[in-house]
Amino acid sequence: MEKIKPLCLTATVASVAFLACIWTASSALAIDNETCLECHSDDTLTRTESTGMKDSLFVDLNKFKYSVHNVNGVACVDCHADIEELDMDNEVPHAVSLAPVNCGNCHDEVAEAYQNSVHKKASHKGVDIPCYACHAYHDTTRLAMATVSERQNSFCLKCHDPYKAHDWLPAKENHFAMVECTVCHAPEVPRHVNLRFFDLVDSAFLKGDVIMRHLQTDPSGFTDLIDKDGDGTISQQEFEDLVLMLRQKDIRGVFHGELVAEINPIVHQVNRGKANRDCSQCHSVTSNFFQDVRMTFDMDDGSVSSYNVDRQVLQTYFVTFNALGTTRVRLLDKIGIALIAGGVAVVLLHLSVRLFTIPLRRKKLDHPEA
Amino acid sequence: MSKEYVHPAPVRVWHWINAFAFVLLVITGVQIRFAELINFLSLEDAVRLHNWVGFIVIADYALWYIYYFSTGKIRLYYPNLRTFAADAIKQAKYYGCGIFKGEPNPHHMTADNKFNAMQQKAYVMLMFIFLPAQIITGIFLWQVKGFENYIDMLGGIRIVDTIHVLIFYFFAAFMIAHTYLATLGHTPLAHFKAMFTGYEDH
Numbered sequence: 001m002e003k004i005k006p007l008c009l010t011a012t013v014a015s016v017a018f019l020a021c022i023w024t025a026s027s028a029l030a031i032d033n034e035t036c037l038e039c040h041s042d043d044t045l046t047r048t049e050s051t052g053m054k055d056s057l058f059v060d061l062n063k064f065k066y067s068v069h070n071v072n073g074v075a076c077v078d079c080h081a082d083i084e085e086l087d088m089d090n091e092v093p094h095a096v097s098l099a100p101v102n103c104g105n106c107h108d109e110v111a112e113a114y115q116n117s118v119h120k121k122a123s124h125k126g127v128d129i130p131c132y133a134c135h136a137y138h139d140t141t142r143l144a145m146a147t148v149s150e151r152q153n154s155f156c157l158k159c160h161d162p163y164k165a166h167d168w169l170p171a172k173e174n175h176f177a178m179v180e181c182t183v184c185h186a187p188e189v190p191r192h193v194n195l196r197f198f199d200l201v202d203s204a205f206l207k208g209d210v211i212m213r214h215l216q217t218d219p220s221g222f223t224d225l226i227d228k229d230g231d232g233t234i235s236q237q238e239f240e241d242l243v244l245m246l247r248q249k250d251i252r253g254v255f256h257g258e259l260v261a262e263i264n265p266i267v268h269q270v271n272r273g274k275a276n277r278d279c280s281q282c283h284s285v286t287s288n289f290f291q292d293v294r295m296t297f298d299m300d301d302g303s304v305s306s307y308n309v310d311r312q313v314l315q316t317y318f319v320t321f322n323a324l325g326t327t328r329v330r331l332l333d334k335i336g337i338a339l340i341a342g343g344v345a346v347v348l349l350h351l352s353v354r355l356f357t358i359p360l361r362r363k364k365l366d367h368p369e370a
Numbered sequence: 371m372s373k374e375y376v377h378p379a380p381v382r383v384w385h386w387i388n389a390f391a392f393v394l395l396v397i398t399g400v401q402i403r404f405a406e407l408i409n410f411l412s413l414e415d416a417v418r419l420h421n422w423v424g425f426i427v428i429a430d431y432a433l434w435y436i437y438y439f440s441t442g443k444i445r446l447y448y449p450n451l452r453t454f455a456a457d458a459i460k461q462a463k464y465y466g467c468g469i470f471k472g473e474p475n476p477h478h479m480t481a482d483n484k485f486n487a488m489q490q491k492a493y494v495m496l497m498f499i500f501l502p503a504q505i506i507t508g509i510f511l512w513q514v515k516g517f518e519n520y521i522d523m524l525g526g527i528r529i530v531d532t533i534h535v536l537i538f539y540f541f542a543a544f545m546i547a548h549t550y551l552a553t554l555g556h557t558p559l560a561h562f563k564a565m566f567t568g569y570e571d572h
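Line order of the protein sequences matches chains A and B.
Here the first sequence is numbered in this note's numbering, starting from 1 and rising by one per residue.
Here the second sequence is numbered in this note's numbering, starting from 371 and rising by one per residue.
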């Protein structure tokens, strides 16, 4: 029987794993981070550009420490790969002018996908948008758990004001808050609805660890606890049971839903005039934008567990995700149709009796005394 | 047959703008809610039209409100509490039975006493509860992010949406009944004509 496996990031890890071999081989004889930081942890280390601007050469270890690269053992010289040795006799122990870091050395699939992007193509016009314009470099973070606003604020919004470009789009704020830019702008990318638990009492998203603790389980036990029929998907009933269980532990909240892009290289293929503007692709019950619904929990150790959820839950009152048409509560339509059908029926009935009794009234008109 | 001036011009203007706008709102509303089934407008156009027409209804409601309150005619809508129940029953009996036998309508429409007891009840609810509720939820749904706080006060977007949709269905059903009831004049088109000319026949 298949159980829900945390979708984790096994696939990405695997694909990067073999790259890991390549660079660990080189880092065996490489210089460790401490050596670099002897100089570069000094926040006064600067260099004066020919333009007179001061350039900081400070690397903030407190940020670097938590970056996805450091966590995965990527060292300074793995990125600054042209530093092969340090000659400590010099004031600058390495070449003064280093080659730009090539992220594509390790992220080759992404680098390739990025070729087909308006941002990469801008280099023909002399505008160079490197990977780190979006991702930063010494404090690159994982994206799976990032909210839409985190993804946008640190990415697209640095350079674009979406309110200047979407005159045609109704409910702009709502779209920008709930739909990641790339869901529309990289239309090929797979997407899913990400549900995260929002505590209404504290008005904050609840950490995965806290939820697991209250349920007295952990990410691997969660499946057995919630997915009782073991079909690999949390059904609406199972979902409502979960909400109830949390209520019993005095945790009151709703699942907050957002439409996000898959962590997939083709998310980079943003191009002019290619965005999805067919509203009904999204706003209809048959839309395939909402097939894939996941509940995600971020754990303190930086991992992310996510579980498949039946899309039916989007219609429940425990999910704050209201995509016109798509997630409508069907019960309302049944009530509505009953109302209208009732109205029509009464009218038709009354009308037929009225027509049927015409002779009666005509007789009365002809013989008023009768 | 005598004629009496029952529907002053502002009321007629209000009524027909409202009627036309309601039809548009129902059509665009259905398109918005059932985008996968119906396709006579793109969703984008449907939403834009729905929003615009929504504001027309709001302006029209303001016209109605100002007219009726400034002239004091709003009294037309207040039921006479003493006779209300009996009148309503009489009226219901007429519609359910008497009308088929050709009995006269127990309510006699005049400029000062325009609505029968059933109409009064229906219209008071419509104009003071349903339409305002629809307007408010509509405004909230128009700018969900902007009215976030108010929406949360009402219990979240789902609740607001539910109210809006239920009242939408109610209005759709109401319009069918209303149009039919309007054919119950002394000729099927009499009330329709009156709503254009302002004069009801007696």
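FYI, nobody ran anything at the bench for these hints, they're computed from the structure.
You may find that some hints are simply not true.
Capping the alpha-carbon separation at 16 Å, the derived lysine to aspartate or glutamate pairs in EDC-like fashion look like this [claimed, not checked]:
(1) 491/B - 457/B
(2) 364/A - 457/B
(3) 363/A - 473/B
(4) 207/A - 112/A
(5) 172/A - 415/B
(6) 484/B - 415/B
(7) 515/B - 301/A
One-sided excerpt, in silico: chain B residues whose CB lies under 10 Å from chain A [said to hold, decoys possible]:
(8) 479
(9) 480
(10) 524
Please read these numbers as outputs of a predicted model, since none were measured by experiment.
Every residue, glycine too, gets a C-beta built ideally from N, C-alpha and C.
Going down the list of hints, with the structure as the test:
1. Taking the CA atoms of residue 491/B and residue 457/B, the gap is near 11 Å; set against the 16 Å cutoff, the hint holds.
2. Taken as a hint, the residue 364/A and residue 457/B pair is broken in the structure, with Cα atoms around 25 Å apart against an allowance of 16 Å.
3. With a C-alpha separation of about 13 Å, the suggested pairing of residue 363/A with residue 473/B holds against the 16 Å cut-off.
4. Only pairs whose Cα atoms come within 16 Å are accepted, and residue 207/A paired with residue 112/A is rejected, the gap being roughly 35 Å.
5. The suggested pairing of residue 172/A with residue 415/B holds, with an alpha-carbon distance near 15 Å, which does not exceed 16 Å.
6. Taking the CA atoms of residue 484/B and residue 415/B, the gap is about 39 Å. The hint is violated against a cut of 16 Å.
7. With a C-alpha separation of about 33 Å, the suggested pairing of residue 515/B with residue 301/A is violated against the 16 Å cut-off.
8. Here the hint on residue 479/B is broken, as its CB sits about 20 Å from the closest CB of chain A, past 10 Å.
9. Annotation: interface hint on residue 480/B violated; nearest CB of chain A at approximately 24 Å, more than 10 Å.
10. Residue-level restraint check for residue 524/B is violated (minimum Cβ-Cβ distance to chain A is 13 Å; threshold 10 Å).
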